[in-house]
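Visitor: Those sequence lines, one after another, are chains Y and R. Those letters in the first sequence? Residues 1 to 507, per my numbering, in order. Those letters in the second sequence? Residues 1 to 81, per my numbering, in order.
Hints may contain errors.
Stated by the list, open to error - Cut-off 20 Å, straight-line C-alpha distance, at most; resulting in silico cross-link-like pairs (SDA-like, lysine to any residue): (1) R:36 / Y:33; (2) R:37 / Y:267; (3) R:37 / Y:292.
Calculated from the structure, these hints are not laboratory results. All values derive from a computational prediction rather than experimental measurement.
One-letter residues, chain by chain:
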Amino acid sequence: MKPTSIGAIIGASSVGTMIEWYDFYIFGMLSTTISTQFFPKENPTAALLSTLAIFAAGFIVRPFGALVFGRLGDLVGRKHTFLLTLILMGGATFLIGCVPGYNSIGIAAPIIVLLLRLLQGLALGGEYGGAATYVAEHSTPSKRGYYTSWIQTTATLGLFIALGVILLVKKNMTDISFNKEWGGWRYPFWISILLVGISIYIRMRMKESPLYTALKKEGKTSINPITESFRHKLNFKMVLLALFGAVMGQGVVWYTGQFYAQNFLETKCNIGFEQSRTILLWAILFATPFFIFWGWLSDKIGRKWIMMAGLGLAIFTYRPIFSYFLDGTTTKTLSIKEERVLSEKMERTTSGKDSVTSTEKTITYTNGLIAKETRSDTLSNDPALRALQDARIKLTYTQKQLPSPIYWKFVGLVFLLILYVTMVYGPIAAFLVEMFPTKIRYTSMSLPYHIGNGVFGGLVPFIGLLLTTTYTSDPLVGLWYPIGVAVLCLFIGMLYLDNKIDKKINN
Amino acid sequence: MSAIKRYFGLILLLLAPLVIFELVTGALQNIDHAGKKDINNPVIWIIIITIFTPIAIGLVIFGWYAFRGEYDRLPHSSQEL
Numbered sequence: 001m002k003p004t005s006i007g008a009i010i011g012a013s014s015v016g017t018m019i020e021w022y023d024f025y026i027f028g029m030l031s032t033t034i035s036t037q038f039f040p041k042e043n044p045t046a047a048l049l050s051t052l053a054i055f056a057a058g059f060i061v062r063p064f065g066a067l068v069f070g071r072l073g074d075l076v077g078r079k080h081t082f083l084l085t086l087i088l089m090g091g092a093t094f095l096i097g098c099v100p101g102y103n104s105i106g107i108a109a110p111i112i113v114l115l116l117r118l119l120q121g122l123a124l125g126g127e128y129g130g131a132a133t134y135v136a137e138h139s140t141p142s143k144r145g146y147y148t149s150w151i152q153t154t155a156t157l158g159l160f161i162a163l164g165v166i167l168l169v170k171k172n173m174t175d176i177s178f179n180k181e182w183g184g185w186r187y188p189f190w191i192s193i194l195l196v197g198i199s200i201y202i203r204m205r206m207k208e209s210p211l212y213t214a215l216k217k218e219g220k221t222s223i224n225p226i227t228e229s230f231r232h233k234l235n236f237k238m239v240l241l242a243l244f245g246a247v248m249g250q251g252v253v254w255y256t257g258q259f260y261a262q263n264f265l266e267t268k269c270n271i272g273f274e275q276s277r278t279i280l281l282w283a284i285l286f287a288t289p290f291f292i293f294w295g296w297l298s299d300k301i302g303r304k305w306i307m308m309a310g311l312g313l314a315i316f317t318y319r320p321i322f323s324y325f326l327d328g329t330t331t332k333t334l335s336i337k338e339e340r341v342l343s344e345k346m347e348r349t350t351s352g353k354d355s356v357t358s359t360e361k362t363i364t365y366t367n368g369l370i371a372k373e374t375r376s377d378t379l380s381n382d383p384a385l386r387a388l389q390d391a392r393i394k395l396t397y398t399q400k401q402l403p404s405p406i407y408w409k410f411v412g413l414v415f416l417l418i419l420y421v422t423m424v425y426g427p428i429a430a431f432l433v434e435m436f437p438t439k440i441r442y443t444s445m446s447l448p449y450h451i452g453n454g455v456f457g458g459l460v461p462f463i464g465l466l467l468t469t470t471y472t473s474d475p476l477v478g479l480w481y482p483i484g485v486a487v488l489c490l491f492i493g494m495l496y497l498d499n500k501i502d503k504k505i506n507n
Numbered sequence: 001m002s003a004i005k006r007y008f009g010l011i012l013l014l015l016a017p018l019v020i021f022e023l024v025t026g027a028l029q030n031i032d033h034a035g036k037k038d039i040n041n042p043v044i045w046i047i048i049i050t051i052f053t054p055i056a057i058g059l060v061i062f063g064w065y066a067f068r069g070e071y072d073r074l075p076h077s078s079q080e081l
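Construct the entire structure; sequences and hints are all you get.
Guide: Here it is as structure tokens:
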């Protein structure tokens, strides 16, 4: 096969998958605005629909999509199936951007958005397995890890583009213009249709995978891929091994490095919106080439030990890294260099009995860290309440701005977190493809992948919150969930996985 | 090595029901209709426990297979499947 043609195959597959990730992420990243527009908290039905939109799309619909489209991909072919997932994803994303808000059409708005979000989850469940299988089935055995690693960059690049587009739109308008009913938050959804259109055009011109075409010609395609994948004991054993020995750990490392870290910087360290996102953007930019490197290396030394090393590094360094994030942003031990009051105002409360004063000021510390502080104090006529100063005064650090040296240290540490992602994720497509036969490959690899990423990975924030609420003394307690899952996966992987590369996948 | 694989399978067999027990206990302790956090929301717990139960059953089956030595030798090619 000529290098140019494999380049075109990788390009066409990767661009489409990257756009699907972009589509899936923008919903999550704009969740605060989306909640205000479609899911007002004061309406219990809308709040329930919001919960379903966030949780069901990732946990239930993604694995279900893996089964539906995996089966289709093994029955009718890879090309048409991942073309269909792209159309579904692009259409659903664009339409989310077109749905009028709750204020205009009432409860219909959250219902339509929920249905479209579920459609997104379904499409995502079917996309990755198709793209990875398609590229792997075009690859030469000695470069399978390298070629499929390009597909592995797409999830991170999709995140990068989603972050970039949102930041760009937000920077060019006021918060009010961005958040209003037909405001700027809709632009990233509308942009999707353009990206998807281009990708559909490219994918339409692609040919079916040669291995699948040969299998079809011989009449050896599966009649019932789901039954053959999960009721055939030998294959089912490999599905379980893929899930518990590799993908489960990969899912939590992936989620912790790219989502939990950013959320931690914003909510626990109180770093401002822009800095917390640009830290991630730089780290992604520097780390993304390593997906290709580890994929290439896995062709030389095998897939297993690269993935296990990534899990091991994550296990041993997560707590020190996140601890540094907290230490680097704490102001308790710092001396104040300058304090500047930005605004002071006093307002009567709605009852008219009390007054509330609020002061907004910036504090510059000696190490260059700037904290924008908002403090409100209730001046009560009630003498009992006046005595309770702690109950009256509310202090909130709205945002902190890091000085350049600390900022770049944080970029370096998030880079490390994403480097672990590249180690566990870079070689995994080739690893999964080599585990299963061509006739049921799409189905067999898609399900463990989406359970590992969607369920185990997707649970990182929820279990993190559960642990933080239960064990309040340790701010890093939420990390025990990804660490625990990674430890279990590391043991299973080290004990049971084989480092052998299966050269022949054309059966 | 095979013995370690088998005994570890036994640990996994026990771990799976423990995970479900922890999830159910967590749900009972944290579900609170007056609460505003995700962990107070019964719908989320129902989704998580529903989706995690078949996964835990999968872990039990994996542990059982490992205990019986079925992972002592892996297929060297997908052709063997």
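Visitor: Take the hints in turn and mark each one as holding or not.
Guide: Now the hints, each set against the structure:
1. Taking the CA atoms of residue 36 of chain R and residue 33 of chain Y, the gap is about 18 Å. The hint holds against a cut of 20 Å.
2. A C-alpha spacing of about 15 Å is found between residue 37 of chain R and residue 267 of chain Y, which places the hinted pair at or below 20 Å, so the restraint holds.
3. A C-alpha spacing of about 40 Å is found between residue 37 of chain R and residue 292 of chain Y, which places the hinted pair above 20 Å, so the restraint is violated.
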